[in-house]
Amino acid sequence: MELRIDGTEVRVRRPPANKPGRRAFVSGKMKQNTKKATVISDDMGCTLWTGAFRPGRIHDQTALKAEGVCSLFEQYPQVKAEIDAGYRGLAKQFPDQVEAPPL
Numbered sequence: 004m005e006l007r008i009d010g011t012e013v014r015v016r017r018p019p020a021n022k023p024g025r026r027a028f029v030s031g032k033m034k035q036n037t038k039k040a041t042v043i044s045d046d047m048g049c050t051l052w053t054g055a056f057r058p059g060r061i062h063d064q065t066a067l068k069a070e071g072v073c074s075l076f077e078q079y080p081q082v083k084a085e086i087d088a089g090y091r092g093l094a095k096q097f098p099d100q101v102e103a104p105p106l
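Numbers 4 to 106, taken from the working numbering, label the letters of the sequence shown in order.
Watch out, some of these pointers could steer you wrong.
DEER-style ranges, computed between Cβ atoms [claimed, not checked]:
1. 77 to 20: 40 to 50 Å
2. 14 to 99: 19 to 29 Å
3. 34 to 4: 35 to 45 Å
4. 49 to 25: 32 to 42 Å
5. 105 to 26: 29 to 39 Å
6. 88 to 15: 17 to 27 Å
Hints in this document: simulated from the structure, not taken from any laboratory.
Just so you know, even glycine gets a beta-carbon here, dropped at the ideal spot from N, CA and C.
Starting from the given sequences, assemble the full structure and let the hints guide the process.
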């Protein structure tokens, strides 16, 4: 089975001033307040799974590890995945299963 893994960011309202954790929602990539989710789809583009929404500051690969997807690659070696640049470490960890774009 061939999967596609990507992270998506959704803009959210800016949290009130002096609220604890306010900076957690600021995405370094988008320079806005966001929440981030990991999305896994099949080779036809149909969404198979969407992870929990996390603060926008969290890195794509960190969110993927928190969801437990990395352990699934170990359990199911027949599964292959295409990823974007945010998951390069995953391609190094599972070189036979995960394909990343060239540098």
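Against the structure, the hints come out as follows:
1. Judged by the Cβ atoms, the range 40 to 50 Å given for residue 77 and residue 20 holds: they are separated by roughly 44 Å.
2. With their beta carbons about 37 Å apart, residue 14 and residue 99 fall outside the hinted range of 19 to 29 Å.
3. In this structure the hint that residue 34 and residue 4 lie 35 to 45 Å apart at CB holds, the actual value being about 36 Å.
4. Range check, residue 49 to residue 25: about 36 Å between beta-carbon atoms, so the 32 to 42 Å window is met.
5. A hinted range of 29 to 39 Å for the beta carbons of residue 105 and residue 26 is consistent with their spacing of about 34 Å.
6. Checked against the hint of 17 to 27 Å, the C-beta distance between residue 88 and residue 15 comes to roughly 24 Å, which is consistent with it.
Figure legend: structure checked against the earlier numbered hints; the only hint not met is number 2.
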